[in-house]
Amino acid sequence: MPRAAIAEGLRALLLLWLASLAAFAVVRAMPADPAVLSLIAFGQAADAETVEALHREWGLDQALPLQYAAWLGDFLTGDWRRSFKTGAPILDEFAKRLPVSLIVGFGGLFVALLAVGPLARGAAKRPNGWAARVLDAATLGAQAIPAFWLGCLLLWFFAVELRVVDVLGEGPARYVLPILIVAFTGLGPLAQVYRAGLAEVSRADYFRTALAKGADPDTALEAQGGRYARLGLSAALTAEAGWVVGGTAVVEVVFGLPGLGTFLVDSIAMRDYFVLQAYIVVAAAWMLAIAFVAAGARHLLDPRLR
Amino acid sequence: MQFRILATAAALALAPIAADAQTRPLVVGQGFLTDSLDPAQGVAGWALQSHGVAETLFTVDREGRIVPNLAESVRRDGESFVIRLKPDLKFADGSPLDATALKASLERATKENPRARGQIGTPVLDVLNARELRLRPERPVAAIESVLAEFPLAIHKFDGTNASMTGPFRAVEFKRGESLRLEPNPFYRDAASRPAVTIRRIGDAQTLALGLESGEVDIAFNLAPETLPRLKRRPELTIKSTPVAYQYMALLNTQRAPFDDVKVRQAVDLAIDRSMLVAAANGGEAATGMFPRVFPFASETPRKFDAREAEKLLDEAGWKAAANGQRMKDGRVLEFTLTTYPQRPDLVTIAPVIRANLERIGFRVRIEVTEAISPQLQAKRYDAALWAMHAAPGGDGAFVFEQYLRSTSTTNFMSFANAPVDAALDRLREIDAAPARAAALKGIEQLVFAQAPVVYLMTPVWHVGLSKRASSYVPYPSDYYVLRADLRASP
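As they're listed, the protein sequences go chains Y and S.
With the numbering used here applied, the first sequence corresponds to residues 546 to 851, in that order.
With the numbering used here applied, the second sequence corresponds to residues 39 to 529, in that order.
Hint data in this document are derived by calculation from the structure and do not stem from the laboratory.
Ideal Cβ positions, reconstructed from N, Cα and C, are used throughout, including at glycine.
Heads up, a few of these hints could be off.
[As the list claims (entries may be wrong)] Derived DSS-like pairs (lysine-lysine); straight-line CA-CA distance at most 30 Å:
no. : chain 1 : residue 1 : chain 2 : residue 2
1   : S       : Lys418    : S       : Lys342
2   : S       : Lys195    : S       : Lys128
3   : S       : Lys213    : Y       : Lys641
4   : S       : Lys418    : S       : Lys358
5   : S       : Lys301    : S       : Lys358
6   : S       : Lys195    : Y       : Lys641
[What the hints assert, rightly or not] Far from chain S, some chain Y residues (derived; all Cβ distances over 12 Å):
no. : residue
7   : Leu558
8   : Gly652
9   : Leu658
10  : Val721
11  : Ala842
[Unchecked claim] Covered by chain Y, according to a simulated footprint, are these stretches of chain S (three or more residues, beta-carbon under 8 Å):
no. : segment
12  : 411-417
13  : 520-529
Construct all of the structure, not just a fragment, from the sequences and the given hints.
Structure, rendered in structure tokens:
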């Protein structure tokens, strides 16, 4: 077991190193020079002297391998450098913005999970019942309705017409609508997976046997199929949780939340190298962490893995 | 009796709200917010100037003229310039802005910020007396007033931790990426008559309009045109529209077919009916050239629209119309991709109008919308691109010509190379007097018109939405000065 844990740890470190290398290569392969972009964005002369001075200031005047080695060394020792655009330390920006994205992302997934069980069970039991219709509509709606449109609609209705929330709200209340939107987009995929698991069990012989013995359908479905369906749900949840870091950008922009997503959008346009490199490594670490947690959950849910 | 008690209770409950409405800061909603309160860092000087916190020695007035601001005057003294400050200037912390403080500010700006060094290098600075400073730039500078109006040279005093500036407002609370709370600078004239202000960064145009409608935003800066009909139906709101110092244009990549042929470029210039663009964008003016008409060096006559002459030029260039109207040459179709970007929604709106104009004379045009156009331009991976830019950020027109049309410039996205234009720009560097510079700029513009590497389209209007409290606000023709000393709040 310790040997397996060590091997897993080494594998994770190797993956993170490869992610850092890929991050550096991909970001540096992007066309355009951040110094020039930064100058023209604010109506300044992009003459060779100023561009070179910015390169020197940002450490872009060295050979690429040296730049990578220096950046990686700094990154590992907690100096994630400064944003070209904001001039602020990137680690501080991440520390401040990541919680905002996590609240929105995980809050949305949590609210979605609250609705997943009742909807999926109802839909599995009665494929033409109201729960199935609601679930199908929610799934289709989440695919068809853009999050920014839904966000604007909710803001208009609740903030302008009813005036029960603020467009520029502060405090915990400002998270309510963004969380509901993320919940709406996550509900369909999660509930459909859970429903499919339950539906599969409901067609199984052993389930019919349980019913023939006089078991209550709800109790039998949960008892016979709950664990199996949750196994599928954990896989779907892993995929959904993966994009929490940076994937809530649209909602953040519409609701003016200073999360990681908005920072990322600005940084891509300005070729803010160190922000993008840090983001890719953080996202890779996040995915690894989620995969690790998901593996643990599967281990608990699936006796065959023990 | 019961009614009276209820009414009194309601009045008491609502009283704080009413009082709050009177005293709460004016809320300005806009898409940008400073990233720092130190004007020497990055482009913070630009944002702080726009927020009414920072000032420069010279500034650009409503008519696009460079006028003294903190400086009373500047005069040439050989290769140096003597800057004379206005009397009794103070920073927001109450300390005097004299020649010594000015020297410290310029020294720090040029030491800390490469953008400032890009203006005047590392200058030699000598204090002559309490109000006069001699500045010798590291490299020759022609239009010094324009350079001294540039944001990297925003005047400030740095105490090692905080920067104090001279604008009509000073920062009280800053939440990066979110908001900036300002109070009137007590050491600026008429401080008592200015309200406190909170600037909120609102990245989405629809959210900005909704904030105005919900009463949370008093000044909604740069509203999207599609939100205007809805907002104009609300009697409590005022919408003010003003032409701005930005110009919309189409950049033509002269290294790529079909725009490697000057006749094709000229045909595009002639074939676009600018009045249709203005109508599509819900306001604005047909372009007369590189500069909006607010500037004294702008050309006066709108660009000519003559589709027949455009067709003639295409015929001369060998692009013959087939039976279906599509033009061909050596088996190739006359086609190109028109690239635009969503950050300027007007450009996305006018792109189909441009396509319709050009398809009428036989072009085939594809429209491409890209999230980040600047990298594409810099890599020169485009055929034609719609572009918006401030035509004279420092109040001097030489800048854009130098940056976009000099053959050696790194931001010459069109790969335009024309010896007479380069020579004219060289001569312009030797000219100091504003009238002579204006005449020279107009001459350069004529040279550029003849080559048409750029097709000037229109001068846009910006729309500012105002609550009743902010209804006296008068927009400036630039986002460089959103908050100014004349800001007032109505009761």
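Checklist entry - Where does the structure disagree with the numbered hints, that is, which hint numbers, in rising order? => result 13
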